[in-house]
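Undergrad: Spelled out, the chains give:
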Amino acid sequence: GDSVTQMEGPVTLSEEAFLTINCTYTATGYPSLFWYVQYPGEGLQLLLKATKADDKGSNKGFEATYRKETTSFHLEKGSVQVSDSAVYFCALSDQLGNQFYFGTGTSLTVIP
Amino acid sequence: SAVISQKPSRDICQRGTSLTIQCQVDSQVTMMFWYRQQPGQSLTLIATANQGSEATYESGFVIDKFPISRPNLTFSTLTVSNMSPEDSSIYLCSVYGAQNTGELFFGEGSRLTVL
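Sequence order for the protein chains is A and B. If you count the first sequence from 1, position 108 lands on 108 in this note's numbering, and the numbers rise without skipping. If you count the second sequence from 1, position 3 lands on 3 in this note's numbering, and the numbers rise without skipping.
Please note that the accuracy of each hint is not assured.
Below, a sample of chain A positions facing chain B; criterion: calculated Cβ distance under 8 angstroms [to be verified]:
no.	residue
1	Phe18
2	Lys68
3	Phe89
4	Ser93
5	Leu96
Computed Cβ-Cβ distance ranges for the label pairs, DEER-style [to be verified]:
no.	chain 1	residue 1	chain 2	residue 2	range
6	B	Pro67	A	Gly78	44 to 50 angstroms
7	B	Phe75	A	Asn98	19 to 25 angstroms
8	B	Lys65	A	Gly9	29 to 35 angstroms
9	B	Gly16	A	Ser14	46 to 52 angstroms
10	B	Gln28	A	Asn98	34 to 40 angstroms
11	A	Thr28	B	Val3	31 to 37 angstroms
12	A	Thr28	B	Gln51	27 to 33 angstroms
13	B	Thr44	A	Gly9	14 to 20 angstroms
Think of the hints as simulated: they come from the structure by calculation, not from any bench. Ideal placement from N, C-alpha and C gives every residue a C-beta, glycine not left out.
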């Protein structure tokens, strides 16, 4: 069945460092891909999404490109801030949009 | 988008008791989803609640333990029954947006601690 595998955490970075959180997926057909962020004590918020191959989702300086050839959707940010400290979830919605699959989450801590 | 309000935001409960979590959405939606997030874990779908029919439960979750109500198109409740410490989790209500753009929107969650 469909699934999402993301990089284990926790990740600790210094402010202004480059961030990559890896995410790969297994799916039949053409799923939609998402990154969600969960700030401490809050629910999940959509960070960005991509609905077809080669699409690039971007928001708040974060980017991820839907790579069908490598079945990947890695999250990147060129310069992280302390306020980016959160848990990041990669997610997949199957081709029919009936099921969502979440990765295990990657905890990011950015230190000044 | 969709704005989702959940109550309570957090609670501390005694073993053997039950707690009902409420979820209110600012628009009419066909399906509402209830997820569980155990400490340090990812999200697990408990059930899908459709208005006017019984909820559909995922493997490992049963109606006796997690009864769900869906009285109208903007509201749902999840009850966690006969709680044990293993039920300590964040419970999240979720819906698709009214624009049907494919993403899920989440409430802020209800953080339950069972002693």
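Undergrad: Next item in the hint list is Lys68(A). Is there a CB on chain B closer than 8 angstroms to its CB?
TA: 17 angstroms, violated
Undergrad: Given a hinted range of 29 to 35 angstroms, is it respected by the beta-carbon distance of Lys65(B) and Gly9(A)?
TA: 31 angstroms, holds
Undergrad: Determine whether the Cβ-Cβ distance between Thr44(B) and Gly9(A) falls within the hinted range of 14 to 20 angstroms.
TA: 19 angstroms, holds
Undergrad: How does the Cβ-Cβ distance of Gln28(B) and Asn98(A) compare with 34 to 40 angstroms: does it lie in that range?
TA: Hint violated: Cβ distance 20 angstroms, outside 34 to 40 angstroms.
Undergrad: That 27 to 33 angstroms hint for Thr28(A) and Gln51(B) (C-beta), does it hold up?
TA: 30 angstroms, holds
Undergrad: Just tell me: holds or violated, for the beta carbon distance of Thr28(A) and Val3(B) against 31 to 37 angstroms?
TA: Holds, since Thr28(A) and Val3(B) (Cβ atoms, about 33 angstroms apart) stay within the stated range.
Undergrad: Please verify that hint: Phe89(A), Cβ, nearest Cβ of chain B, below 8 angstroms or not.
TA: 7 angstroms, holds
Undergrad: Closer than 8 angstroms between Cβ atoms is the bar; does Ser93(A) clear it against chain B? Give me holds or violated.
TA: 6 angstroms, holds
Undergrad: If I claimed the Cβ atoms of Pro67(B) and Gly78(A) lie 44 to 50 angstroms apart, would that claim hold in this structure?
TA: 48 angstroms, holds
Undergrad: Take the shortest C-beta to C-beta distance between Leu96(A) and chain B; is it under 8 angstroms?
TA: Nearest chain B Cβ about 11 angstroms off; hint violated.
Undergrad: The hint says 46 to 52 angstroms between Gly16(B) and Ser14(A); measuring C-beta to C-beta, is that right?
TA: 47 angstroms, holds
Undergrad: Regarding the hint that Phe18(A) lies at the interface with chain B, is the smallest CB-CB distance below 8 angstroms?
TA: Violated, because the Cβ-Cβ distance from Phe18(A) to chain B comes to roughly 25 angstroms (cut-off 8 angstroms).
Hint compliance for this structure: hints 1, 2, 5 and 10 are not met, and every other hint is.
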